[in-house]
Every structure is written in C-alpha cells, then in structure tokens.
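For reference, the chains in residue letters:
There are 2 protein chains.
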Amino acid sequence: MKSDVPKVPMLFLKPPSSYIKEGMAIVIPDECDELHHEVELGIVIGTTLKKVDNDEQAMEGVAGYALCLDMTARNIQSEAKKKGHPWSVAKGYDTFLPVSDFIEKDQIADPHNIDLWCSVDDEIKQSGNTSDMIFNIPTLIRYISGIMTLEAGDLICSGTPEGVGPVVNGQVIKCGLGDVMEMTFKVGEE
Amino acid sequence: MKSDVPKVPMLFLKPPSSYIKEGMAIVIPDECDELHHEVELGIVIGTTLKKVDNDEQAMEGVAGYALCLDMTARNIQSEAKKKGHPWSVAKGYDTFLPVSDFIEKDQIADPHNIDLWCSVDDEIKQSGNTSDMIFNIPTLIRYISGIMTLEAGDLICSGTPEGVGPVVNGQVIKCGLGDVMEMTFKVGEE
Ligand SMILES: [Mg+2]
Ligand SMILES: [Mg+2]
Ligand SMILES: [Mg+2]
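Protein sequences appear in the order of chains A and B.
Quick note on our numbering: the first sequence kicks off at 8 and runs consecutively.
Quick note on our numbering: the second sequence kicks off at 8 and runs consecutively.
Take the hints with a grain of salt, since some may be wrong.
No copy is singled out in the list; a pair is fine if it fits within one copy or between any two copies.
[Said to hold, decoys possible] Heads up, simulated EDC-like pairs for lysine to aspartate or glutamate below, C-alpha to C-alpha not over 16 angstroms straight-line:
id, residue 1, residue 2
1, Lys112, Asp186
2, Lys57, Asp37
3, Lys58, Glu196
4, Lys193, Asp128
5, Lys58, Glu38
These are calculated hints, taken from the structure and not from any lab test.
Chain A with its partners taken away, still in its complex shape:
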C-alpha cells in the first residue's frame, strides 16, 4: 500500500443488504472469480455528525466498535477501476459485510493501537495493528461527515492491513481484534 498512499480516504458505500452476522455464510457470486477478505476495524457512530471539525467532537460521536470483513469482488473492482465505473457492485453484493457483535467503547483502551488479524483455514493472512491506519478515526469522521451526515448506527470500515487475498467455497475465515473480539465465517452456500 505504501506505493500508493491516498491523500484523502477512499470513500464508498455498502448497502444494508450486505451485512451478515456470525452463523451466516459468505456467498461468492457467480460472476466473482476472485473474492478477497479485508479485515477492518469498524467504527459505530452514536449520534448525528455533520461537518465535524475537531477531533474531540469526532471521538465523542463514536458509540463503539465492531470487527468487519470488507469482502471485495476483486476482479469486478479491477474492471470497474479500469473503466472508471462505480465500485458499488464489487463491494456491495449480499453477504459482503460480515460484522461482529457490537464492542462497547470502553472495551478498547486505544482504538489506534490494537491488533487486527485474519486467517483463512487457520493460516494467518493478515496481521496488523490499527496504529498503521493511513487515516485515524477522527480524520475519517471529519472527512466523511463533511460529505454525508453520519447517523447513529452508521458503520465506518477503516481500512485493512496488508495481506488481503482470495477465498474459495468451503474455506473458513477467522479474524480478531486484540483480545476483545473474534469471529468466524464460512465461505459458500450453507
């Protein structure tokens, strides 16, 4: 990622229909031949935030956290990038946003210094720390709330450590956030 550090966050939307909870499977669409895992810290918004212009107000607007998988149809995203098309299809299929249970704010001492990992069939693929995030949480909230008003319950996925890669039907993705949260999702129709 170091070769191409963006100046502003790369903002896209996932539809509510992409959310799944543990116990549900990640389904690979027929037209996706390269489904990638991206483990991310999710930031859950607690109040209406519009054009926030200081870091304290941004952090006060955080209700808590969640562990998320920003599943991405990489082949479709690559094609969209090439053509200058939206990313909504590549990022927005049903089941493309596995989310953990809600994490209370005080369960994470420092959200900018917590380990984040992801394994596929028990082989570690991503292992990082939120201290490596290109944009910290208040920066993300200030940027986004300057474009679109955030509301209680909105979820911001904050970016993923290196090591994103493909999964196929039958594989199991596990991921974790420090010693606070762990979750497991099967890939493929139940």
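Based on the hints, put chain B with the ligands in the right spot on chain A.
Structure of chain B with the ligands alone, referenced to chain A:
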C-alpha cells in the same frame, strides 16, 4: 448517450443522508464547481426482492414511484472516473437526492411511457420520455436484485434524459413527471 450505451446498468448507491423533500434546499459543496441536475423516474420497492428472474415478479415488487433529481458533482465524478475511484462522494453529498412525494402505482398508466422534464429558472433543460430508458424497470430490478437484495422502501433512480447541466446558487430547479407530479427545489443555502 447513444455513443456509449452500457451493456449493464451503471449501479451506484446514494446514502439516506442525501435525500431531501420539497422545501429543503440543494446545497453545493465547496469542492464542487460543477453541480449537475439529472431528473429521473424513481421506482419505490414494496417488498423484499432477491435474485428476481422474471419481469412479472419484478413489476409486482414495485410499490409506486417518485420523481427524483440525481444531483451529481460532475467535476468530482470526472476526477473519480479518471482515477478509477468510487463515485460515492460525487453522488452522495447531503441534499444530492431531492425526492417528490410518493406516487401510487395506479397513478401512472404506463411507467415506460411518461414524460419527464426539468427546467432551471424556468428554462427547459431536459425533456424526455421514460420510453427512452436504456433499461426498463423489470430489467433494472432483475439486475440489481441479483447483486443486492432490495427491501420495501428502497428507491431506484432509473436514468436521465439528455440535457443534464450545471446549476448555481440562487437558481431554481423545477421538474415534472407527466401530469402526475411536479416539484421545485432552490439551489443554495436557505
Ligand atoms: Mg460507488
Ligand atoms: Mg477495505
Ligand atoms: Mg443519474
């Protein structure tokens, strides 16, 4: 548009925070120096629709319609297209989705043959008919519901006639759908 007819619909998402109703103003973001009006027929979904594979089922899933303005920060969208970035910012600012009151399904005899127009300061800029839509309503619903499950209350904007163009602060956008609906929005802070 004829020079570049897409093979599949160009799908992107607008956030709920972009919706406004008559009486509210369209606000031009500081970083937008070219805000365009795109008048569109909105399709309001009435039930859960997942992987719909026939036209009748698609049309039965329609609850009604709305008149919409798909406001677009054209300079930001052009930059995003060039860089292969998402369109979510260009399309998703607060106030970028002016929507009319709900139109009952039976108020429109044929949604594929109704006039659609848009004026700026009473000068007609767009004037078309839904019969010119590249993708008809069941095609849109089949395509989208194959990617993301649609839910009651979801709104699909269906594409705009030629004549999209810029608006500036102080101007007034009017638009209409046959003799069924008309709406007016002011551009600029109230
Ligand atoms: Mg997009
Ligand atoms: Mg990501
Ligand atoms: Mg449009």
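How the hints compare with the structure:
1. Lys112 with Asp186: within (14 angstroms within a copy, 53 angstroms between copies)
2. Lys57 with Asp37: Cα proximity of Lys57 and Asp37: across copies only (15 angstroms, versus 39 angstroms in one copy).
3. Lys58 with Glu196: between (41 angstroms within a copy, 15 angstroms between copies)
4. Lys193 with Asp128: So Lys193 and Asp128 pass the 16 angstroms test inside one copy only (10 angstroms; across, 56 angstroms).
5. Lys58 with Glu38: The answer is between: 14 angstroms across copies meets 16 angstroms, while 38 angstroms in one copy does not.
No hint from the list above goes unmet by this structure.
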